[in-house]
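K.L.:
So the protein sequences, as listed, match chains A and B. Heads up, the working numbering is the position in the first sequence plus 668, with the first residue counted as 1. Heads up, the working numbering is the position in the second sequence plus 672, with the first residue counted as 1.
Please note that the accuracy of each hint is not assured.
To be verified - Label pairs and their computed distance ranges (CB to CB): (1) B:ASP985 <-> A:SER813: 33 to 39 Å; (2) A:GLN979 <-> B:THR798: 51 to 57 Å; (3) A:SER831 <-> B:GLY713: 54 to 60 Å; (4) A:ALA675 <-> B:SER722: 34 to 40 Å; (5) A:ASP937 <-> B:ILE700: 45 to 51 Å; (6) B:ASP772 <-> A:SER956: 34 to 40 Å; (7) B:GLY948 <-> A:PRO718: 46 to 52 Å; (8) B:ILE700 <-> A:PRO799: 22 to 28 Å; (9) A:ALA672 <-> B:ALA804: 45 to 51 Å.
What the hints assert, rightly or not - Covered, in the sense of this in silico footprint (three residues per stretch, anywhere, with C-beta under 8 Å from a C-beta of chain B), are these stretches of chain A: (10) 837 to 849; (11) 870 to 880; (12) 905 to 917.
Stated by the list, open to error - Pulled a few chain A residues facing chain B out of the computed Cβ check, cut under 10 Å: (13) GLU699; (14) ARG896; (15) GLN897; (16) ILE900; (17) ARG901; (18) SER920; (19) ARG924; (20) GLU985.
Honestly, the hints are just simulated from the structure, not real lab data. Using N, Cα and C, we set each Cβ at its ideal position, and we do this for glycine too.
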Amino acid sequence: MSFATRAGVVRAVDGLSMSVGRGETVGIVGESGSGKSVSMYSILGLLRGPNVSIEGRVRFNGQDILGRPDRELRALRGKDIAMIFQDPMTALTPVYTVGWQIAEQIRQHTDLTKRQAHQRAIDLLAEVAIPDPSRRVNQYPHEFSGGMRQRAMIAMALSCEPSLLIADEPTTALDVTTQAQILELLAELQERRGSSIVLITHDMGVISEVADRVVVMYAGRPAEIGTRQEVIREARHPYTWGLLGAVPRLDSKRARLVTIPGNPISPLDVPPGCAFAPRCTYRHDRCSDRPPMRGTDHLDACWLDDAEKEQRRAEIEEAS
Amino acid sequence: MSDVILRVDNVTKNFSVRRPGRGGRSQIQAVGGVSFEIRRGETLGIVGESGCGKSTLARCIVQLLPVTSGTVEFNGSPLTGLSRRQLRPHRREMQLVFQDPFASLNPRRTVADIVAEPLRVHRFGTRSEIEARVRELFTLVGLDVNSLVRYPHEFSGGQRQRIGIARSLALNPQLVVADEPVSALDVSVQAQVLNLMAELQEKLGLTYLFIAHDLGVVRHVSDRVGVMYLGELVEMGPADPLYDAPLHPYTEALLSVAPELDDGRARTRERIVISGDVPDPADKPSGCAFHPRCPVAQDRCRIEKPSLIHAGDGRLVACHFPRRR
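Chain A with its partners taken away, still in its complex shape:
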């Protein structure tokens, strides 16, 4: 997936292959500009225009959806695949009531009457644990707290019982206690309805609490993919080591945090070889070639051989 810009072609997402199983939660983690949001927007056809080009294949329930006409995608979006955005204040329209906005989506995809859709909106608000839903349904977004707005967004996303829910930093704008409520709600709803979730976040802690599998992205490319256990306890990519080491811990105080030198790179000047090489402590000659994703279930894109990775990881763990 790339954008043509005045400064040149930007490959915002480059060679990402991943899958989401039924009922599974996949976490996509990375820093700003790593392509984690753009990758999901592009598969939904939310990024279009003469400057956008997308290559590859996206299959949903076995059917190719990439490049389908917008009319067909519209039937899919919101109904089978729903999205929750980071900032519920900008994702909701300030000039309509919350109930109207939920009902609009329901009426778009079903044959329910206006009144039935309104009733369904009340039921959905109740389902996401908004107190006094029959009064709240007629209120405007600004009358909701941040946590309640995000609940309303979730209610809207769930309105047509999607089989895949894409949540883009759904708790980043929220406080810890509210974040806990929202993550718990998502887990409950998933259990009840068996839907799949893709959770995009920069927070390794959140990933560690909710994801079944994890995709670590850097500079638009996947760096490591594996189960939560594999990525967090047996990480194989130096970038993942850095991400994990940089998180201050709650249970003990480390003298110094592990840092990754430098800054996340601009997608405009990704080096030809390994994208992470300029910031990597373990770079060597091979890194001037781009490493492929290697492995069977637990994959990573790093040239170090397995024994060496194991040894380095042990050293880092020892040091912290």
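Mind docking chain B on chain A? Use the hints.
P.N.:
Quick look at chain B alone, frame taken from chain A:
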């Protein structure tokens, strides 16, 4: 000079707001009767959720906002009630680092100019002395001295926060009040800035008041921690015991739901998800402000407000029924 660098005594800050639809104005208490001391060379962390009054408290301490009542004492002399002119000599001794490195640097001035401004305001010396000091500060915070003539937009978030830190250190302050200094940064960059702040503290003997919402970050940097809820301190004490065995049910709940890496070393814990939202500060609950959300609240909590009392080992808690360990 005494060991206590900053003494905050019963500081209250009210804001007067218009009540929509009801007419007239009413008072919102953003900070209510907060007292604590910071000792020279230590880092006191203040943690709390949005709207708990932690930033207002920071602004009251450095006298960017006048307090409604209470006193702030810096190096033994009271700051509250001083005129702007009288405050000026104290200002250079306590500096603020802001949260947003994009909004806190003037986009139309070069970074050298930005870092030099406090030096010029406080008549640090001649132009060449100021120039030399700016170079020294750039080196100190790990920035390239060749980038002095550039503008803020040419720097990344982490570099901008280094510029903000350089500016705050320009006048050799004793106390640095950092209000969410790393919350706008990516985690790898956040770690760099936290390490830098620790190095600077060691090198320059700084005292920090570190305000943040991120529990992990606060634990990492702080010697002692204060937890705020609805404008008040609900618990305070040395960082390790506070995190390992919180006394206040709010602290306990907060810690239990903070996301943590499950890397096999994390403590096992029971999640306590507290329901509801933080109440409107204009309409504070009676008694203990936390009682409507508290899992162990009893009748007494609805009526009688608990005060912050000593609980041994330098710990303080404002709860009628603190958790027993």
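K.L.:
It remains to establish, for every hint, whether it holds in the given structure.
P.N.:
Now the hints, each set against the structure:
Between ASP985 of chain B and SER813 of chain A the C-beta distance comes to about 37 Å, which sits within the given range of 33 to 39 Å. Taking 51 to 57 Å as the suggested C-beta distance range, the pair GLN979 of chain A and THR798 of chain B conforms, at roughly 56 Å. For SER831 of chain A paired with GLY713 of chain B, a C-beta distance near 57 Å keeps the hint of 54 to 60 Å intact. Remark: the range hint 34 to 40 Å for ALA675 of chain A to SER722 of chain B is upheld by a beta-carbon distance near 37 Å.
A hinted range of 45 to 51 Å holds for the C-beta pair ASP937 of chain A and ILE700 of chain B, which are about 49 Å apart. Taking the beta carbon of each, ASP772 of chain B and SER956 of chain A are about 38 Å apart, inside 34 to 40 Å as hinted. Between GLY948 of chain B and PRO718 of chain A the Cβ separation comes to about 49 Å, which falls inside the hinted range of 46 to 52 Å. At about 23 Å, the beta-carbon gap between ILE700 of chain B and PRO799 of chain A stays in the expected band of 22 to 28 Å.
Between ALA672 of chain A and ALA804 of chain B the Cβ separation comes to about 46 Å, which falls inside the hinted range of 45 to 51 Å. With 7 residues having a Cβ less than 8 Å from any Cβ of chain B, the stretch 837 to 849 of chain A passes the three-residue criterion, so the hint holds. Coverage of the stretch 870 to 880 of chain A by chain B holds. Counting CB-CB distances below 8 Å, 7 residues qualify, and the rule asks for three or more. Coverage of the stretch 905 to 917 of chain A by chain B holds in this model, with 8 residues showing a Cβ closer than 8 Å to a Cβ of that chain against a need of three.
At about 4 Å, the closest approach between the beta carbon of GLU699 of chain A and any beta carbon in chain B falls short of 10 Å, and the interface hint on this residue holds. Restraint check, ARG896 of chain A versus chain B: the minimum CB separation of about 7 Å is within 10 Å; hint holds. At its closest, the beta carbon of GLN897 of chain A sits 8 Å from a beta carbon of chain B; the interface hint therefore holds under the 10 Å criterion. Proximity of ILE900 of chain A to chain B holds as hinted, the smallest CB-CB distance being about 5 Å (cut-off 10 Å).
Interface restraint check for ARG901 of chain A: the shortest CB-CB distance to chain B comes to about 5 Å, inside 10 Å, so the restraint holds. With 10 Å as the threshold, the beta carbon of SER920 of chain A comes within range of chain B, its nearest partner Cβ sitting at about 8 Å, so the hint holds. A hinted interface residue such as ARG924 of chain A counts as satisfied when its beta carbon comes closer than 10 Å to some beta carbon of chain B; here the least separation is about 6 Å, so the hint holds. Given hint, GLU985 of chain A at the interface with chain B, holds; its Cβ is 9 Å from that chain's nearest Cβ, closer than 10 Å.
Every hint from the earlier list agrees with this structure, and none is contradicted.
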